[in-house]
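Peer 1: These are the residues of each chain, in order.
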Amino acid sequence: MKAIFLRTLSLPETFLSCLIITLFALISQLDPSFLQWEVQRSLSSHIWELAIIAIPMTLIILTAGIDLSVGSIMSLSAITAGMLFQAGSSMPLACGAALLTGTLGGFLNGFFIARMRVHPLIITLATMATYRGIAEGISQAKPVSGFPAGFTRLGQDEWLNLPFAAWVFFIIFVSVFWVIHRRALGLHVYAIGNNDTASRFSGIHVDRILIGLYTFSGFASALAALLFVARRNTAKADVGMGIELGVITAVVIGGVSIFGGRGTLVGTCLGLLLIHETREFVSWHWNRDEFILIVLGLLLIVSVVFQKLLRHKQNSS
Amino acid sequence: MPSLTTQNLSKSYGGTHALKNVSLKIHAGDIHALCGENGAGKSTLIKILSGVETPDQGLVQWNGNHLSLGKVHEMESKGIVAVHQEPVVFPDLNIVDNLYAGRELSSGMGTWLNTASMKQRTRDILDSLGEDLPLNQPVGEMALAQRQMVSIARALFNQCRILILDEPTASLTTRESDALFKTVISLKNQGVGILYVSHRLEEVFQLAQCISVLRDGILVSTQSSNDLSEDALIQQMVGRKVAYPSRQQPVNADITKNKPVLELKALSRTPAYDDIHLKIHAGEILGMSGLVGAGRSEIARAIFGIDEFDTGEILFNGKKLQNHSIRKAIDLGIAMVPEDRQRQGLALPLSVETNLLLPSLNAFQGMTGLDRSQMRSMSGQLISKLGIKTGSPDNPASALSGGNQQKIVLGKWIHQNPSLFILDEPTRGVDVGAKSEVHRMIIELAKQGSAVLLISSELPEILSLSDRILVIAKGHVSGELAREEANQEKLLKLSLPEEAKQSP
Amino acid sequence: MITYLLRHRAIGLFLFIGLLTTVVSWINPAFLSAQNLRDIAVQAAPICIISCGVMLVLVAGEIDISVGSMMGVLAASMGIMVSASRAQLPPHVAIALTLLIGIGMGLFNGLLVAYAGVPSIIVTLGMLTALRGLTEIIMNGAWITDLPEEIRFLGTGTILSVPLSLWTTAGVLAMTIWLIHRTPIGRRIYATGSNPQAAQLAGLSIKSIKLFVFAWTGLLTAVATLVSVPQLSVVDSGIGVGTELLVVTCVVVGGTSVNGGVGTLSGVLCGVALMTMISTVLIFLKLGEHATYWSRAIQGLFILGAILADHWISNHKK
Amino acid sequence: SPAPPSDASSTQLVSKDNNKKKITICLIPKKKGLPYFTSCAKGAEEAAMELGNVELIYDGPTDGSPEKQASMIEQYTLKGVDVIAVSPNDPNVVAPALRKARARGIHVLSWDADAIQDSRDYFVNQATAEAIAHGMVNTMVKDLGGPETRADVAIVTAYLTAANQNVWIEHMKTHIDQQYPNLNLVAIKPSDEDQKLAFKVTQDLMKAYPDIKGFFGISSVSFPGAAEAVKQAGKTGQVMVTGLATPNSMRSYVEGGTVKSVVLWNTAELGYLTIKVGEALATGKLKQGDTSFDAGKLGKKKIAGDQVLLGDILVFTKENIHQYDF
Ligand SMILES: Nc1ncnc2c1ncn2[C@@H]1O[C@H](COP(=O)(O)OP(=O)(O)OP(=O)(O)O)[C@@H](O)[C@H]1O
Ligand SMILES: Nc1ncnc2c1ncn2[C@@H]1O[C@H](COP(=O)(O)OP(=O)(O)OP(=O)(O)O)[C@@H](O)[C@H]1O
Ligand SMILES: [Mg+2]
Ligand SMILES: [Mg+2]
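Residue numbers (this note's numbering), protein chains in the order written: chain G, 5 to 321; chain L, 4 to 507; chain X, 80 to 397; chain F, 87 to 412.
There are no misleading hints in this set.
Part of the chain G face toward chain F, derived, beta carbon under 7 Å:
hint, residue
1, 236
2, 238
3, 288
4, 291
Rather than coming from a laboratory, the hints here were simulated on the basis of the structure. From the three backbone atoms N, C-alpha and C, an ideal C-beta is built for every residue, glycine too.
Please work from the sequences and hints to get the whole structure.
Peer 2: Spelled out as structure tokens, the structure:
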């Protein structure tokens, strides 16, 4: 009984939930107006794109990989859509091409990583520069805007009181959650993260799964890029600049081990929530952008230290 | 006479008591063997003695002085050094750096290394072990046995007073083992005390003056080896009698008339192996013997679709395999137990159950998802069938002892009824009881009609199980012996590279 | 021969750099002018200095992506200390304090990694973010535009008509070579990264080794800041942004393994040379205005090319 | 057209002392931490003190990201401030947020750089893009010794993606094409808001194009970097550098002769004017159709349509630079 209690307590999810509750308690003391639904809903608008990318990123980190190129894939996809639109193609076609481009970018990452056995950090570091460079090259760094209303509504309209992007996120989350927890593929992902040689020797299609995950990551980034473009009505080569660090921070705060094999999607969601609320509140309350950087940096370190301590406690008792 | 004594050492991991009140005395100039089943606590005791782990309770004394525990340096400075069960090497470093890591020869207050003298001494040590290894090659590129030799050399080279060897011969062939025994005996004659752990009982009787037995973390007995028979020892270790299974029936004439399950035709990959021909029939156990690095594992890897080969062909049930891959091999009914269980066999942090069911997870997948209860019952069956010692199927595989881990690697294939089973050193580090279980399982598999390719460096194992034995030397087939004509001498003779050149 | 090439990634890279130089200088001979080579060397100097530290961090099996923000903090605090309108500390005191702050931040990283057991990518990612915020707070919206001459000398001065930053780089390289090849600690860094468990069993103090590499990187970052920031007259809050990525790219392109245990200084040097050359090369090729916007893509393709070529060579060995 | 006057009780989520009738104005710069904006903020503070009923919030993204700016605008909208004055990094990106703010009854100003017209009430304009671009080109021509001098010139910009810089560059190109056929623009290179990179790029350009005679450093980061490169190459007096930057960061170059003229406007006055306009809008003093505006110590300022004009650009030279400290 005590062991189960301790085990639950030491789960990163529990710890994060406590942290989030504390944060909300603190907020309600300092500035209750922040907690109004209206405020929360409206502030949530720019977390969804990050959240969508965080799902494949969680799976990739679970396989002991990493994808630094997500921001650049966003940029490349946004520019693809933008340039095609500018060239006179219809918007659905442009969106389709953007999704295809992102998916292809992710596939190339996966291909290099799985087939050539190069460390994901290295490959995606290289493609990070390449993809954004291509986006800058073909767009000559010029922004494209003036998208048709039917398209921008995707980014700005709400459905059942939540932004469209939120629904996209929920749909992806639920389907991936089902696959990870109810299909063999889920365990395969964890096995690869723990020992890819042993997984390979057990007949798991390690290569195919890795290629699949990176491709999925590319697709999700492209989707996020389209939502972003729709929301901001602009496609530019700097779309998604630096988003990879935000995504990785959320995933890692969510208790996913950077060495692979340990962590959950729920943890990632809690991590996203914690980061988002902290960031928005610091900015809401203190009006000092530089504080956000310090708070987020420390939050990342402190929460991982605590998770580590809790796990240690559980193991030794 | 100086001695190392332990008093009431206890250590538990979570709920498991790995050691309970163990009091042991090791004399200088003695070879003291430590026996016990897998998971009995031998490695735990050794980890404590070498300062890697701190006991929950108990003392360790050296010549009557208390030692502070939990510090490797402290122990090494007293001359107590250990060779651990899994070879402990730095894969990216060369042999010299491996041997000297942590105790480099330097001058000027550690600001200037004496590279030349380190090289010279390394060469001396290797010579004394009869090894001729390249000094500049990263150790990670060497075969498992060579890595094992490096970690033994590392221990030897200390001016040690007590040398602890945890299953040092588990991945060595006879030649290396013999060189090691010579060294061990000469050290003993120089007054070094040796604690020797091994599951190969013939070695234990050959070397040790004194034998202690651990069972479930408790020290059962310490006796002189002269007073002990092998059967009695086994009985103490296991708590029951163990019968050695072996294939009693002569080669079944029918077997070779069966269609061959696997046939290799002129399989080559430079420089690992060249022009390999072999046939395995359903129900047959084909032994593959040879020295370390002869290329046996490489052949096995090619059959299982891990590596590609240069020329030649693999026929499975008469059909040529094209675009071979591991998954294809598994789907055809080929299974393989790899030689390095930690690197190739197990996802250590994952549960015993997941590891056992890893190759067959797709089979438990229904419309609604994975059938957890069916998985649980299957893993339960396997655990009891193989006698895997674990508190629960949910425990991580890393918490099991070496032998029990090996059983998992075997177990994940057994329920799939493979038509060809490749076993690469299947009983490395497995205790006598479990080993006889594994042997029985292999025979059982063959009886049910599976073809078995058994690679083993342990000659008795090969001799007692195989129907036919193929000897590999330097990547060539140097001979094939039928069961009746095979014996240790012949196998050894064929294994030596000189013979390989002369044979047609 | 090929095995030799493999072990010494530097040679392949070196050949590649040679080819690139030949082509560019054939198109535009000004590329090989003494002035240009000197400028490239000066530009490469800080990256090279920091890479010497980060390479050892990677060899020890860790990573440090906080160096860019560390540079920011170091530049800001150095600026505040020496500025005539701020703290007005004597230059040598400010230099010593800057080095200490560098070591301090490195130690902080190292302590969290070695003693709290937090993965280094997380610690340094957190520091990357937090220290950038700290820089903004230190600078408080203003720039330092009045660096005293003594400090400017660190960036612009020459000794025997060789820039001070190049002397410093040579010193750091010599130190690193000595550290790697001639001291026990160098060997232990490689051992730790190659197999931490084995290192523990061998009685190495992994914790102090990790602490050392991070502190060393902090120190080198401070050194790099001291010789590079005063090259310019203005200290702004954006100093060092993105340096971490450039440094990691150089180190990795130079053949250092992100899994630890493998890395050569010669490889890293070639990596630094290649990465600092590329943008200069693009300017010298005079590809016109449109090419400006393609330069990042070309850089990326170069990195990708280097990695894939390396992979191709190592496959051909087998 | 300006939005209807705000209905304070329904839109203000944050309850404030209403009896004092404090007006909250948010001044959002492109990027926090740039002395250019800090000096604007100083002027803004001065105006707020002078007016007495203004609560000033000065905050912006430290990394200059348009996305962050947009989310800040959304936050302030929710908080129900009275006036948002923004210098947009990217007009298109912040436009939806600004429109939302206006729909909530918040007065929206753009300053320093314009937003999309229908997303703001007024633009407090220091000088038009055209004036800035022409100013820089004219200064360069003058520094080079007149329109007869044949010269290669290059531009060192901030980001390749910075909208306002690209607009300036366009204006500069057309101006050069139309007026100064002897000027030959050979390269445009980004400095990524990194002084070091500006320095390096300038160095490289001087070597790759030995005939280059002038550099435009068109951001406050790239200008000092470019100047330093010219100075260190020993080309002071042979290669001209001009551009946009605060006088403090360029003082040593102007005094040393590397830079003859620095183009800018009075930044403190720009901040001051912005707050004045904001307050006037919120209190109803400034109405649609007004053609002039009483800007306190700055005197009367002209309103052209929906633009409040600060006046002309300033050119700092050896003669006048000591008069300015920002
Ligand atoms: N790190 C650990 N965490 C949890 N349990 C452990 C750990 N190490 C060992 N154990 C447990 O302690 C017991 C003793 O293990 P030990 O490795 O000492 O056995 P052994 O006698 O060396 O067996 P083998 O012959 O298989 O090597 C086993 O039940 C094992 O599961
Ligand atoms: N991990 C490895 N990396 C590089 N080379 C290896 C590796 N393992 C083995 N080799 C080399 O491949 C050749 C064949 O080795 P292999 O392991 O097939 O021999 P083996 O007969 O199976 O020996 P063992 O009994 O040790 O398994 C040897 O020359 C060996 O040095
Ligand atoms: Mg053991
Ligand atoms: Mg083998």
